[in-house]
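Residue numbers (the numbering used here), protein chains in the order written: chain A, 1 to 142; chain B, 1 to 133.
It cannot be assumed that every hint is accurate.
[To be verified] Partial pick of chain A residues on the chain B-facing surface, computed with a CB cut under 10 Å:
id, residue
1, 3
2, 22
3, 91
Keep in mind the hints are simulated off the structure, nothing from the lab.
The beta carbon of each residue, even a glycine, is placed where N, CA and C say it ideally should be.
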Amino acid sequence: MKMEPQVVVITRSPVSRAASLLREAGYLVSKVPPELAGNHTDAEALVVDLRLFELIQWLDQQHDDDRILIIAPNTTVIKGLTARTVQASAIEDDLTSAVDRIVADQRIAAHRAVKVLRLPATTRAEEPPYSPLTSFFGAMAR
Amino acid sequence: MSSEGQRKPKILLIDDDPLIVEAMTAYFELAGIDVLTFSSVFEIPFLIGRERPEVVLLDISMPILDGEKIMQSLAERVRLSTNFILFSGRSRRELAVMAEQLGAVDCISKAEDMASIERRVRYWIDAAQRQTA
Chain A
1 MKMEPQVVVI TRSPVSRAAS LLREAGYLVS KVPPELAGNH TDAEALVVDL RLFELIQWLD
61 QQHDDDRILI IAPNTTVIKG LTARTVQASA IEDDLTSAVD RIVADQRIAA HRAVKVLRLP
121 ATTRAEEPPY SPLTSFFGAM AR
Chain B
1 MSSEGQRKPK ILLIDDDPLI VEAMTAYFEL AGIDVLTFSS VFEIPFLIGR ERPEVVLLDI
61 SMPILDGEKI MQSLAERVRL STNFILFSGR SRRELAVMAE QLGAVDCISK AEDMASIERR
121 VRYWIDAAQR QTA
């Protein structure tokens, strides 16, 4: 069953414009405070919408994660960040497409991983398929 | 896992259109989800408290009952502990804004196909069951 992409919006705001925009785009959106963000390991994108001080604290505790998108409260924050960002003033135009890109990257990476996992199976397919007859004659030949 | 986590999932459907209620009930019952319906608007908080549905599917634009008022009248404790999904024929944009303002977890347009509606409802049922497990 094909599932709509799941996005977590990390925020303390009871009303989040980011969550609203992403729901409008069809995403399954869970809104959580930063201390509960770690419970959502299956999310395809993590949108961080926190006030500057808490954003810096939260980022300090994170490892590199390609799923993170930060809504930057102002331009000075963007300079020091390696994670992807959209400016708070531009979320109406940029947020959905930025999350689309992250989800697409995640799905492409997952698809590649599945291909690599399937490689040994392709090699095995070159061997003759099992059948009771070949098995019987094989045993006779031995 | 507790026995609560293994019970058949339940949703409460709040819609005043009998045809929608009948069609949705038949669809979800076939999909293995119990559907609760209500006979009076005053029954809704008691139904939520007694039956503990994982999801409440609330039509926000009913001509007689006002879904928005129903949600606002529920105690904060009930609203926070239950996954409300707004369900309406309104545009997705309008619904998404209302969902955020009213504290609903999701919104579904009635124009969506049943498979898509079921996927979204199941996602929130699973989320509720994970929380209570």
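Regarding the hint that residue 3 (chain A) lies at the interface with chain B, is the smallest CB-CB distance below 10 Å? This interface hint holds because 6 Å falls under the 10 Å limit.
Are residue 91 (chain A) and chain B close enough, Cβ to Cβ, to be under 10 Å, as the hint says? violated (13 Å)
Taking the least C-beta to C-beta distance, is residue 22 (chain A) closer than 10 Å to chain B? Holds, because the Cβ-Cβ distance from residue 22 (chain A) to chain B comes to roughly 8 Å (cut-off 10 Å).
Going down the numbered hints, you'll see the structure goes against just number 3.
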